[in-house]
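Chain S is fixed; fit chains X, L and W onto it per the hints.
Line order of the protein sequences matches chains S, X, L and W. Under my numbering, residues 1 to 136 are what the first sequence spells out, in order. Under my numbering, residues 1 to 136 are what the second sequence spells out, in order. Under my numbering, residues 1 to 136 are what the third sequence spells out, in order. Under my numbering, residues 1 to 136 are what the fourth sequence spells out, in order.
Given that identical chains are not distinguished, each listed pair holds provided it fits within a single copy or across any two copies.
Derived lysine to aspartate or glutamate pairs resembling DMTMM-like cross-links, with alpha carbons at most 25 Å apart: (1) K26 to D42; (2) K73 to E84; (3) K122 to D72; (4) K26 to D72; (5) K122 to D14.
In case anyone wonders, no lab produced these hints; they're calculated from the structure. Keep in mind that this is a model prediction, so the values were computed, not measured.
Number of protein chains: 4
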Amino acid sequence: MKGLERIGISLETDLLAEFDALIARKGYTNRSEAIRDLIRQDLSAARLDDPNAQAVATVLLVYDHHVTKLADKLLGLQHSHLLETISSLHVHLDHHHCLEVIVLRGSVGQIHRVGDQMVSLKGVRLGRVNLITVKD
Amino acid sequence: MKGLERIGISLETDLLAEFDALIARKGYTNRSEAIRDLIRQDLSAARLDDPNAQAVATVLLVYDHHVTKLADKLLGLQHSHLLETISSLHVHLDHHHCLEVIVLRGSVGQIHRVGDQMVSLKGVRLGRVNLITVKD
Amino acid sequence: MKGLERIGISLETDLLAEFDALIARKGYTNRSEAIRDLIRQDLSAARLDDPNAQAVATVLLVYDHHVTKLADKLLGLQHSHLLETISSLHVHLDHHHCLEVIVLRGSVGQIHRVGDQMVSLKGVRLGRVNLITVKD
Amino acid sequence: MKGLERIGISLETDLLAEFDALIARKGYTNRSEAIRDLIRQDLSAARLDDPNAQAVATVLLVYDHHVTKLADKLLGLQHSHLLETISSLHVHLDHHHCLEVIVLRGSVGQIHRVGDQMVSLKGVRLGRVNLITVKD
Chain S
1 MKGLERIGIS
11 LETDLLAEFD
21 ALIARKGYTN
31 RSEAIRDLIR
41 QDLSAARLDD
51 PNAQAVATVL
61 LVYDHHVTKL
71 ADKLLGLQHS
81 HLLETISSLH
91 VHLDHHHCLE
101 VIVLRGSVGQ
111 IHRVGDQMVS
121 LKGVRLGRVN
131 LITVKD
Chain X
1 MKGLERIGIS
11 LETDLLAEFD
21 ALIARKGYTN
31 RSEAIRDLIR
41 QDLSAARLDD
51 PNAQAVATVL
61 LVYDHHVTKL
71 ADKLLGLQHS
81 HLLETISSLH
91 VHLDHHHCLE
101 VIVLRGSVGQ
111 IHRVGDQMVS
121 LKGVRLGRVN
131 LITVKD
Chain L
1 MKGLERIGIS
11 LETDLLAEFD
21 ALIARKGYTN
31 RSEAIRDLIR
41 QDLSAARLDD
51 PNAQAVATVL
61 LVYDHHVTKL
71 ADKLLGLQHS
81 HLLETISSLH
91 VHLDHHHCLE
101 VIVLRGSVGQ
111 IHRVGDQMVS
121 LKGVRLGRVN
131 LITVKD
Chain W
1 MKGLERIGIS
11 LETDLLAEFD
21 ALIARKGYTN
31 RSEAIRDLIR
41 QDLSAARLDD
51 PNAQAVATVL
61 LVYDHHVTKL
71 ADKLLGLQHS
81 HLLETISSLH
91 VHLDHHHCLE
101 VIVLRGSVGQ
111 IHRVGDQMVS
121 LKGVRLGRVN
131 LITVKD
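Only chain S is shown next, with the shape it has when bound in the complex (with noise of 0.2 Å):
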């Protein structure tokens, strides 16, 4: 899709075979590969500091469907206008809970935002809010 580059690494022999056997464990056939996803996460992990980067996000919420009007706040949440919900999943748990996952996008501080309000509605009994940057 873009230029590719070759780039070359020196590594101690007994690094580089303890960082074969992880990540044939983890299932990987190539070790550029591996290392890519790494310098990728590093550079993920590092946009995630500007609030004013663009990030995709899951927000995962168990919670019980029988607190009265929790699924509406929730909808109103997504469709506050600062940040654009793409998608949501439910899943049925059990007889009381939920899982609910919002996908958001929008800027790092925003979601961050949304987020925890989305966790702090009655009833919802655990949350979690993950971001991913993405490059524009």
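Just chains X, L and W now, kept in the frame of chain S:
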């Protein structure tokens, strides 16, 4: 849903004031609810140390859908018989990139294993596995 | 030391039982103390989002002391005038490797900057920066 | 110190440019070194999943030294025979608070156990346990 108990805790006045300010900013309307959430998160994190604990997880993947056979391999992993794939959600990010959120249920150890394999597939550019433990 | 306030919270019986078991395993003799600790950690984590908040940090470095000038460079960074280096502790791990723990005080932003520079010095094999915010 | 191997990896040009900018900001003068550090961190994190792996840890504690017997209890835990306490460092933060950094060596599982007990002592206001695995 279950029996409720009322407990009392004593806190330094200034600690309480700072906590009240933080939870108001996060959107809590109720201090009890905020403390319950801290307790639930603490318990959920502790349970994740046990590879046999039951969990629900989202695997968040950004991948290049032009890479051949990637979608097939991802589907194959979702249908591996060790884990129950509950659902998945697919979003087109741009001409090259897709976001896929896969919801898995299983033991903590199995989820980590399958999650690592998904993240390490050729063509997956960024991946993140997030677990929430659930009481059976 | 400061005024104390007593607050009541209500909790599901089974949640409370699981929490009591967890904190007993961790060594707490007192439920109030365990909840106060959760609140303090939550506040400390929230304060770390502000690059201007005051913090104390440990920089944990494993390095090869045969690499020339590394010790000098580390000392130089510790005496950079932006930060107050409170103290440091040096441990010989084996023939090649030293562990150095450097305690810094300053703003969250400055600590991250100097910590990154320490971790990236040639000869440093592993590094980790950990911050705890302190109320002034 | 050990044998060195040279490997080649191919990377998208724009990914490489962004990585070069990030590592320059962190203070790296050498791309090979930055990639080796990513690999070492990845290996160290993977080793921490094994409770029997050998590790070095810092326990960072902020505590109120007016709480009676706390110092004695901390010393007692440091001399528990399961772990080797290498060293500790004590800093006076203000009239009430001390910072103590305790360096422990032992298995990952033992360090977590003893670290939890230190953090849960009455009078300890904030605590953080950080591990780095070491190759034997």
